[in-house]
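K.L.:
Full structure from sequences and hints, please.
So you can see what is in the structure, the chains are spelled out below.
There are 2 protein chains.
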Amino acid sequence: MGMLQVLGAYLVFLGLLSAQTTASLNGTIPKTYGIVLFRAFDSIDVLGPAELLYFIGQVHKTEIAWISETLDPVTTEPLMAVMNPFNSSVFQKIVPTHTFETAPDLDVLIIPGGAGIRSPYLNNTLKYIRETAPKVKHVITICTGSALAARAGIMNGKKATTNKTSWPNVIPFGPNTTWVPRARWVEDDSGEPPIWSSSGVTAGLDLMFHFVETFYSSENATWISKLTEYVRHTDPDDDPFARNDTIVAPTAG
Amino acid sequence: MGMLQVLGAYLVFLGLLSAQTTASLNGTIPKTYGIVLFRAFDSIDVLGPAELLYFIGQVHKTEIAWISETLDPVTTEPLMAVMNPFNSSVFQKIVPTHTFETAPDLDVLIIPGGAGIRSPYLNNTLKYIRETAPKVKHVITICTGSALAARAGIMNGKKATTNKTSWPNVIPFGPNTTWVPRARWVEDDSGEPPIWSSSGVTAGLDLMFHFVETFYSSENATWISKLTEYVRHTDPDDDPFARNDTIVAPTAG
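Just so you know, the protein sequences line up as chains A and B, in that order.
So the numbering used here is basically just the index in the first sequence, starting at one, shifted up by 91.
So the numbering used here is basically just the index in the second sequence, starting at one, shifted up by 91.
Do not rely on the hints blindly, as some may be mistaken.
To give an idea of the interface, some chain B residues facing chain A are shown, with a C-beta separation under 7 Å as derived from the structure [said to hold, decoys possible]:
no., residue
1, I155
2, W157
3, T293
4, S308
5, S309
6, V322
Rather than coming from a laboratory, the hints here were simulated on the basis of the structure.
Remember, it's a predicted structure, so these values are computed and weren't measured experimentally.
Glycine residues also receive a C-beta, built at the ideal position from the N, C-alpha and C atoms.
P.N.:
Listed below in structure tokens is the structure:
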């Protein structure tokens with residue numbers, strides 16, 4: 092195809108996009124998202140939600156701030172060699188756009204999980220989460236990001252879920268959290284901001300589709316599911332990876 | 092948790108991992124993967140397969156080479172402002188590890204899609220794909236990566252699928268390819284190397300799970316689906332986003 096045909100095809104595509112714009116809830120939609128990056132984050136925990144926001148950005152002015160301790164690229168490689176027993180090199184690095192000091196005011200704070208949530212070197216990350224969460228409109232955690240949020244101290248008295256395989260290792264980070272063992276995702280609206288937590292990795296896509304449906308439009312969610320050919324799980328209680336644990340009651344704070 | 096507890100928990104996790112190792116098909120498994128990066132690639136096309144390989148790397152020595160024209164970070168941002176009508180900043184940058192000149196010999200070449208496949212500035216990328224494909228054991232394309240592969244000239248006489256929404260805009264890149272409108276993924280074993288192509292974005296996860304099942308073990312695939320809480324689509328013909336197009340017959344080459 093020549094360049095004119097390419098451009099023409101793309102304008103048709105944009106035409107589809109602008110049709111979606113009118114269906115949105117103007118005025119209430121989030122504009123600025125911040126995603127916290129730290130060593131040994133999980134790729135899809137971060138880039139699953141970002142994929143949906145990529146398309147949302149084509150119908151609404153949207154910003155993602157990629158926030159980390161420094162502007163150095165952040166790797167998915169674990170800190171300890173014991174966590175990479177075959178000395179594989181399967182990791183990638185993402186470039187942050189902001190540090191904790193330069194991050195803009197956010198509408199939505201997204202906290203991913205990954206092996207790195209257990210690191211003893213996250214004091215500044217935890218401080219940023221602790222200080223930022225009360226100022227945003229929504230907190231979203233993906234996978235073991237809810238355990239990182241618990242380490243930061245923002246999950247006391249909240250209900251949440253997390254990765255079901257990592258469950259026994261990470262729920263101790265939140266002794267004052269009600270951990271829900273059967274949930275694709277959990278919405279806790281008991282305080283401000285509401286905290287939405289998803290189960291492991293790809294469950295974050297379902298949470299994020301529901302977030303788009305709630306704060307943009309169901310047309311937007313359907314449109315993005317078609318573009319990404321993602322078969323959504325729309326019922327938060329339909330959890331194929333549910334654990335049999337009884338709900339862990341909050342202990343005294 | 093203290094550091095010893097964290098390490099203990101992780102060693103349990105590694106114990107689970109080494110149990111998986113024994114079930115693998117030693118000797119036939121791929122070791123070196125190359126993922127081609129170009130401006131305006133799609134995030135999940137790249138990081139979906141990489142997520143599975145991240146876990147495979149914990150049970151087999153595995154390398155991913157992130158290959159691009161230069162070592163500069165590669166952005167998902169489209170080249171043309173018209174493709175970002177709301178001036179959103181929702182893009183991220185990934186750091187390549189190799190250029191086309193320094194890339195290692197590969198067992199598997201992975202070609203992602205994204206808006207950037209239409210770029211007129213991909214001559215070196217197309218040359219790399221064209222020259223590398225005949226030397227690898229497997230070619231995998233995700234989403235519109237099959238159209239990029241067609242642009243590179245490696246899809247003549249092959250059957251393949253691609254993103255169903257982008258279908259009319261991208262299949263013209265492969266006039267001598269049999270495009271399959273109902274397929275979660277397609278395996279073409281008619282020549283060497285075999286070429287596996289997936290439908291849009293998240294269909295690449297299903298292709299990759301099947302690849303893991305085929306060349307590593309079904310235990311590995313099940314283990315990773317649990318860790319990522321991904322509900323697999325295991326039937327390549329079960330395509331919820333299938334088009335009604337009749338199959339486009341190859342035209343004279």
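K.L.:
Give a verdict on every hint.
P.N.:
Evaluation of the provided hints:
1. Hint on I155 (chain B) holds. Least Cβ distance to chain A is approximately 5 Å, under the 7 Å limit.
2. Look at W157 (chain B): its Cβ gets to within about 6 Å of chain A, closer than 7 Å, so that hint holds up.
3. The beta carbon of T293 (chain B) comes within 4 Å of a beta carbon in chain A, closer than 7 Å, and the hint placing it at the interface holds.
4. The beta carbon of S308 (chain B) is not positioned within 7 Å of any beta carbon in chain A (closest approach about 16 Å), and the interface hint is therefore violated.
5. Checking S309 (chain B) against chain A: minimum C-beta separation of about 17 Å lies over 7 Å; hint violated.
6. Of the supplied interface hints, the one on V322 (chain B) holds, with its beta-carbon coming within about 6 Å of a beta-carbon of chain A, less than 7 Å.
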